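A.B. asks: Sequence:
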Amino acid sequence: MPRLDIQGPGKREFCYELRQAEISIGRDIKNDLVLDDLRVSRQHAIIRQTPDGMTIRDLASGNGTLVNGQVLSPHFDLRLDDGDAVSMGNCTLMVHIDAPETPSAEFRQMLQRTPADLLQTSIPEIESSQEVSPSLLRLQLEKQELLLRLFYVLGEKLGSIFSLDEIYAQVFEIVMQATPASRSFIFRKNEQGEFEQVSARMREQGEVGRPLPISKTIFEKVARERVSVLLTDAQTSNEAVASKSIILHAIRSVMASPIVGPRGMLGIIYADYYDVSETFSAQDLDILNAVAVQTGIAINTVINHERLQRQAQARARFERFLPRQVVDEILRSPEKIKLGGVRQKVTALFADVRDFTTLSENSSPEVIVNLLNRYFTLVSEIIFRHGGTLDKYIGDGLLALFGAPYVGELDAIQAVRAGLEMQRAMVEFNRQLASDQLPPISIGIGINTGQAIVGYMGSEARLDYTAIGDTINTAARLEGIARPGQIVISENTVQALDEGIQVRQLGDERLKGKHVNLRIYEVVWE
1 MPRLDIQGPG
11 KREFCYELRQ
21 AEISIGRDIK
31 NDLVLDDLRV
41 SRQHAIIRQT
51 PDGMTIRDLA
61 SGNGTLVNGQ
71 VLSPHFDLRL
81 DDGDAVSMGN
91 CTLMVHIDAP
101 ETPSAEFRQM
111 LQRTPADLLQ
121 TSIPEIESSQ
131 EVSPSLLRLQ
141 LEKQELLLRL
151 FYVLGEKLGS
161 IFSLDEIYAQ
171 VFEIVMQATP
181 ASRSFIFRKN
191 EQGEFEQVSA
201 RMREQGEVGR
211 PLPISKTIFE
221 KVARERVSVL
231 LTDAQTSNEA
241 VASKSIILHA
251 IRSVMASPIV
261 GPRGMLGIIY
271 ADYYDVSETF
281 SAQDLDILNA
291 VAVQTGIAIN
301 TVINHERLQR
311 QAQARARFER
321 FLPRQVVDEI
331 LRSPEKIKLG
341 GVRQKVTALF
351 ADVRDFTTLS
361 ENSSPEVIVN
371 LLNRYFTLVS
381 EIIFRHGGTL
391 DKYIGDGLLA
401 LFGAPYVGEL
411 DAIQAVRAGL
421 EMQRAMVEFN
431 RQLASDQLPP
441 ISIGIGINTG
451 QAIVGYMGSE
461 ARLDYTAIGD
471 TINTAARLEG
481 IARPGQIVIS
491 ENTVQALDEG
501 IQVRQLGDER
511 LKGKHVNLRI
521 YEVVWE
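For the sequence shown, my numbering gives the first residue as 1, with consecutive numbering after it.
Read the hints as simulated data drawn from the structure, not as lab findings.
Computed from a prediction, not measured in an experiment: that's the story for all the values here.
Within a straight-line C-alpha distance of at most 16 angstroms, the following computed EDC-like cross-link-like pairs (lysine to aspartate or glutamate) qualify:
| no. | residue 1 | residue 2 |
| --- | --- | --- |
| 1 | 216 | 194 |
| 2 | 392 | 381 |
| 3 | 512 | 470 |
| 4 | 345 | 470 |
| 5 | 189 | 220 |
Could you build the full structure based on these sequences and the hints that come with them?
C.D. replies: Written as C-alpha cells, this is what we have:
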C-alpha cells in the first residue's frame with residue numbers, strides 16, 4: 001500500500017496511506033490530506049495513482065512545491081518514485097510506493113494537535129526562500145487574537161470557580177457559543193484510571209443525564225496519546241473510527257481534546273456535529289484545545305483547593321490531641337500512620353483532679369466548667385511541649401500517650417518530665433484561682449511504660465485515635481492510688497529514666513485487677 005510519511009512543523013510526524021486514486025493536499029480542512037502550515041496553500045497539490053505510476057501536480061500554490069529539492073512547475077504532472085522527498089512549506093512528505101499497511105491508516109482523515117501547539121502564538125519564522133501573503137499573515141493574527149481573547153475570557157470565568165459542576169457549565173457555554181457543536185461531553189479520570197462521563201450538553205435539549213454514543217476509537221486515541229483530534233467526516237470513515245452508533249445517529253464531524261493537569265490526564269472534552277453540509281474546522285479544534293487547557297487549570301485549582309481544605313480540617317482535628325510538630329509530620333507523610341491498631345511501646349500518663357466530687361457539690365456548674373477549661377488548657381500545652389499525644393479527657397481527668405504515633409527513645413523521660421511540670425504548674429495555677437476567688441485544686445498522676453495496641457479504633461461512623469492494653473490499665477490504676485500532688489510510676493518506667501530524675505521506692509502494691517504485686521515508685525519533685 002503506497003503511503004506518505006509526513007513531518008510537519010514542530011517535527012510532528014504522521015503517515016498517510018494512499019487508498020484513493022486521487023488525493024488533494026492543502027491547508028483547507030476539506031482536503032483529503034490536511035497540512036496545518038501557513039506556507040501551504042489552501043489547495044496546494046494533487047497526487048494521482050495511474051496504471052503508469054504515481055504523479056504529483058502543483059496547483060499554482062503560493063510558495064510552490066519542491067521534489068527532491070527541485071521546484072515543481074505549476075500544473076505539471078511529475079512522476080514520483082519510491083524515496084522521493086516532497087516539500088510543501090515546512091512539511092516534508094516522503095514517498096513510499098510499496099509500503100506495508102500501517103495501523104494509523106484509520107486516522108487518515110484526522111487533524112491532530114497537542115495542547116502545547118496553542119502556546120505557539122508568535123508568527124512562525126519565515127525562510128528566506130519563501131513568502132507568506134499579507135492575507136495569510138492577517139488570518140494568522142486574527143486566529144491568534146481569537147485564541148488569546150478566549151484564554152482571557154476562560155481565565156476570567158473559571159479562575160474564581162471552586163465547584164466542578166460550575167466549571168462544566170461554563171465549559172459547555174463557551175463550547176456551544178464558539179463552535180457549532182451539536183453535543184458536548186466532559187469525561188473525568190477516576191482513581192482507577194478509567195474515564196467516566198461526568199456531564200453532557202445538547203444544543204437543543206440542554207443537559208443530558210444518560211451516556212450518549214461516541215467514537216471510542218477517537219476517544220482512546222486522545223486518552224492514549226494526549227493529542228486533540230478532529231475527524232472531518234464520520235459518515236465516510238471506516239468502521240474502526242466511526243462506530244455503528246455514530247453512523248446511526250447521523251453524526252457528521254467529531255473532535256476531542258485532552259484535559260491535562262500537572263500530574264497527568266484529568267479528563268477529555270468531546271464534541272460532535274450533526275450538520276450534513278459542513279464540518280468542524282481546524283479553528284474549532286483550536287478553540288476546543290484552548291477550552292481544554294483552561295479547564296485543566298480550573299479543575300487542578302479545585303483539586304488543590306479541596307486538598308487544602310481537607311488538610312486544614314485534618315490539622316484542626318489532629319491539633320486537638322497531637323503536638324504541632326507531629327501534626328506537620330502526619331500531613332507531610334500520611335502513609336506513616338497505619339489505620340487500625342499496631343502494637344508498639346508507649347508510656348501512658350493519667351492525671352486526675354482530686355476531690356472533684358466535693359468541689360462540684362460546693363460550686364456552681366459555671367464555676368466548675370470555667371475552672372476545668374483553664375486547667376485542661378494549661379496541662380494540655382505542657383503535654384504537647386514534651387511531645388505527648390492527648391488521647392482524651394475523661395471527666396476531670398485525662399490520658400496522654402508518649403510514643404504514639406511515633407516511638408522515641410526518650411518517651412518515658414518526656415512523660416515523667418511532663419508530669420513534673422504539671423505538678424509544679426499547679427502551684428502558680430492555684431495562686432491565680434485564689435486571686436479569682438476560686439477554690440484550689442490538686443492532681444494525682446500515674447505513669448506506666450509497656451506494649452499497647454495504638455491506632456484508629458471505633459466504628460465506621462466514628463473513629464478515635466487511642467491506645468488499649470494492660471499498659472494503659474496499669475497507668476490508670478497507678479493514678480488511682482496517687483495522693484494529691486503525687487506522681488506514681490511503675491518499675492518499667494523507672495528503668496527507662498536517666499539520673500536527672502529522682503525517684504523514691506514505695507514498695508510493692510497489689511493493684512486492682514492484678515494477680516501479682518507491682519513494685520511502684522514516686523517521682524520526687526517538691
